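With the hints as constraints, model all of the structure from the sequences given.
Take the sequence shown: its position 163, counted from the start at 1, is 209 in this note's numbering, and no numbers get skipped.
Just so you know, the hints here were simulated from the structure itself, not pulled from any lab data. One or more hints might be untrue.
Derived DSBU-like pairs: lysine-lysine, alpha-carbon spacing no greater than 35 Å straight-line [as the list claims (entries may be wrong)]: (1) 310 x 446; (2) 446 x 285; (3) 285 x 310; (4) 310 x 143.
Predicted model only: the values in this text are computed from it and were never measured.
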Amino acid sequence: MRLAGVAEAVILAWGWRKRLIAFAAGACGALALAPLDLWPFVVVPMTVAIWLIDGAVGTTAGQRFRAGFAAGWWWGFGFFVAGLWWLGAAFLVEADKFAWAMPLGVVALPAFLAVFPAFAFGAARLFWPASATRILVLAAMLGISEWLRGHVLTGFPWNVYGMMLTGEVHLEQVASLIGLYGLTLFAVAIGAAPATLGTGRGVGRWAPSVFALIGLAGFFGFGLWRVPSGASPVVPGVKLRLMQPNLSQDAKFNGTHGPAILEKYLELSDRATSPENPGLQGVTHLIWPESAFPFLLGRTPGALSRIASALPPDVTLITGAARAGEALPGESRPPIYNSIQVVNDEGAILASYDKVHLVPFGEYLPPVLGTLIRAVGLSQFVSVPGGFSSGTRHAPLAIKGLPPAAPLICYEVVFPGEVTPRGPRPAFFLNLTNDGWFGLTSGPHQHFAQARLRSVEEGLPLVRVANTGISGVVDAYGRVVASLPLGAEGVLDTALPRRGPATLYGRAGDAVFAGLVVLFLAISSFTRRRRQRT
Numbered sequence: 047m048r049l050a051g052v053a054e055a056v057i058l059a060w061g062w063r064k065r066l067i068a069f070a071a072g073a074c075g076a077l078a079l080a081p082l083d084l085w086p087f088v089v090v091p092m093t094v095a096i097w098l099i100d101g102a103v104g105t106t107a108g109q110r111f112r113a114g115f116a117a118g119w120w121w122g123f124g125f126f127v128a129g130l131w132w133l134g135a136a137f138l139v140e141a142d143k144f145a146w147a148m149p150l151g152v153v154a155l156p157a158f159l160a161v162f163p164a165f166a167f168g169a170a171r172l173f174w175p176a177s178a179t180r181i182l183v184l185a186a187m188l189g190i191s192e193w194l195r196g197h198v199l200t201g202f203p204w205n206v207y208g209m210m211l212t213g214e215v216h217l218e219q220v221a222s223l224i225g226l227y228g229l230t231l232f233a234v235a236i237g238a239a240p241a242t243l244g245t246g247r248g249v250g251r252w253a254p255s256v257f258a259l260i261g262l263a264g265f266f267g268f269g270l271w272r273v274p275s276g277a278s279p280v281v282p283g284v285k286l287r288l289m290q291p292n293l294s295q296d297a298k299f300n301g302t303h304g305p306a307i308l309e310k311y312l313e314l315s316d317r318a319t320s321p322e323n324p325g326l327q328g329v330t331h332l333i334w335p336e337s338a339f340p341f342l343l344g345r346t347p348g349a350l351s352r353i354a355s356a357l358p359p360d361v362t363l364i365t366g367a368a369r370a371g372e373a374l375p376g377e378s379r380p381p382i383y384n385s386i387q388v389v390n391d392e393g394a395i396l397a398s399y400d401k402v403h404l405v406p407f408g409e410y411l412p413p414v415l416g417t418l419i420r421a422v423g424l425s426q427f428v429s430v431p432g433g434f435s436s437g438t439r440h441a442p443l444a445i446k447g448l449p450p451a452a453p454l455i456c457y458e459v460v461f462p463g464e465v466t467p468r469g470p471r472p473a474f475f476l477n478l479t480n481d482g483w484f485g486l487t488s489g490p491h492q493h494f495a496q497a498r499l500r501s502v503e504e505g506l507p508l509v510r511v512a513n514t515g516i517s518g519v520v521d522a523y524g525r526v527v528a529s530l531p532l533g534a535e536g537v538l539d540t541a542l543p544r545r546g547p548a549t550l551y552g553r554a555g556d557a558v559f560a561g562l563v564v565l566f567l568a569i570s571s572f573t574r575r576r577r578q579r580t
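Rendered as C-alpha cells:
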C-alpha cells in the first residue's frame with residue numbers, strides 16, 4: 047500500500063480500529079528507547095500522530111478537542127505500556143504482598159500518564175492548520191505536555207520523547223544546548239516530517255522531510271564537532287573502585303542478612319582484578335550502591351568498626367545507607383532518610399547527603415492518597431515504617447580527595463535541570479542507585495541512558511554505582527568510559543574524568559526550550575494567517 051493509502055486509512059479510521067492504530071503506533075515508539083535504541087523508529091509514532099489528529103473531526107471546537115484527546119490517550123497508553131512494562135517486576139519482589147497490585151503499575155500508571163499526550167493532541171487539534179506547519183504545532187504541544195509530566199505531582203520525566211534521539215552519542219550532543227525538553231521538540235518534528243508525504247501535494251510535500259534530514263545532519267555534525275576525538279583528561283591522584291554486589295532484593299532488605307551482606311561487600315571490594323589491581327591497595331575511593339545495608343549504618347558501631355578494619359589507610363568509602371535523623375519534640379520515631387554517607391578509614395562518618403526527590407509509592411505514600419492506599423492493603427515498597435523522609439535541599443557533597451560532587455540517589459538523576467546544586471559548579475555527578483527491583487528488564491537500561499544524558503546536558507562526568515547494574519563512569523560528553531553490565535557481580539577500577547566546559551543548557555536551563563516552543567507556534571501562526579490572506 048502506498049504511503050498516501052496508509053495515511054488515508056489512518057485518517058478515516060473510526061471506533062476500535064482507530065484506537066488500535068493509535069495504541070500500536072505509540073507502542074512502536076518504545077523501540078527507539080534503550081536498550082534497543084532504534085532511533086529511526088521515532089518516525090512511526092510521530093507520523094501516525096499527525097494523521098490521527100487529521101482525522102479528529104467535529105463540527106464544534108469541543109468535539110474536535112475530544113476527538114483529538116481520545117486519539118492521544120490511546121497513542122500515549124500504547125507508548126507508556128510498551129515503555130514501562132518492566133515496572134511489573136517490582137511487584138514480584140515480595141509477590142505475597144504486592145503481586146495482586148501489579149495492574150496498578152503496568153496498566154493504571156500508563157493510563158494516567160497517557161492523559162498528558164491526550165491533552166496535547168486535543169490542544170493541537172484546536173490550532174490545527176491545514177499546512178505542513180501542523181508538525182510544529184504537534185511538536186510544541188507534546189513538548190509542553192512532556193514538560194508538565196516532568197513537574198506535575200512531583201514529576202515523572204521517564205522516557206520523555208526526546209530520549210528517542212539519544213541512542214547515538216553524536217546525535218544527542220545538541221542536548222547540551224537545548225536540554226531534553228528541547229530535544230523532544232525536534233524528536234517530534236523530525237519524526238512527524240514524513241506525514242506530509244502521505245497527505246501533501248506537489249513538490250512541497252517533500253519539504254518537511256528534507257528539513258528533517260538537514261536537521262539530523264546538523265545535529266550529527268554538531269556532535270562530531272563537540273565530542274573530542276581522544277579520551278577525556280582525568281583528575282590526577284584519584285583511583286575509584288566501584289563495587290556492584292548484584293544482591294537480590296529479598297536478601298538486601300532482610301535484616302537477618304546484615305552481617306553476611308557486609309562481609310560480602312568487603313570481600314568483593316578487595317578482590318583482585320588484575321596484577322595491576324590486586325585489591326584495595328592503591329585505591330583512593332571505594333563506592334558502594336544505594337541502600338547498601340538492611341540496617342542503619344550510623345547506629346551500628348560494629349559495622350563501622352568492621353569497615354575501618356578492612357579499609358587500607360587513606361581509602362575513603364562512599365556508600366548508600368539509611369540514616370536516622372533527630373526525632374522532633376512529641377514524636378516517638380526519628381525521621382529516616384535515604385542517604386549517601388562518606389566513611390573514612392577509621393570508621394567515622396564524615397559527611398552525608400539525604401535524598402530530596404523521593405519515589406512516590408516506592409519510598410513514601412503521597413499524603414493525599416495515603417489513607418486510601420493503606421485501606422486497600424498497600425504500602426510503599428521499601429519497608430520503612432512511615433516511609434522515608436525527604437532531605438531539605440540538594441547540596442554538594444564534600445569528599446576528601448575528590449573535587450565537589452553533585453550527589454544523586456536513584457531516580458533523582460532523571461530530572462533535567464534539577465541535578466546540580468545551587469552555587470559553584472560541581473565537578474561530577476555521583477549517582478548511587480538500586481535497580482534490583484526491576485530485574486533483567488529494559489528499566490535499568492533506560493535509567494542508565496537518562497543518567498548519561500545528564501552528563502551531556504551539563505558537561506559533567508558521571509560516576510554511577512548500582513546494586514545489580516548498570517554501574518560505570520561516563521565522561522562529560524556522555525561517552526561510557528567503563529561499565530559493569532546488568533546482572534553481574536564485580537568491581538570496576540577507573541579514573542575520574544575531568545568536567546567539560548559549562549554548557550548553554552547548564553546556564554540557561556529550560557528557557558531555551560520555552561523560546562523554541564514560542565518560535566514553533568509563531569511560525570505556524572504566521573503561515574496560517576498568510577494562507578488565509580491568499
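Would you list, in rising numerical order, the hints stated earlier that this structure does not obey? The structure conflicts with no hint, since it agrees with every one listed earlier.
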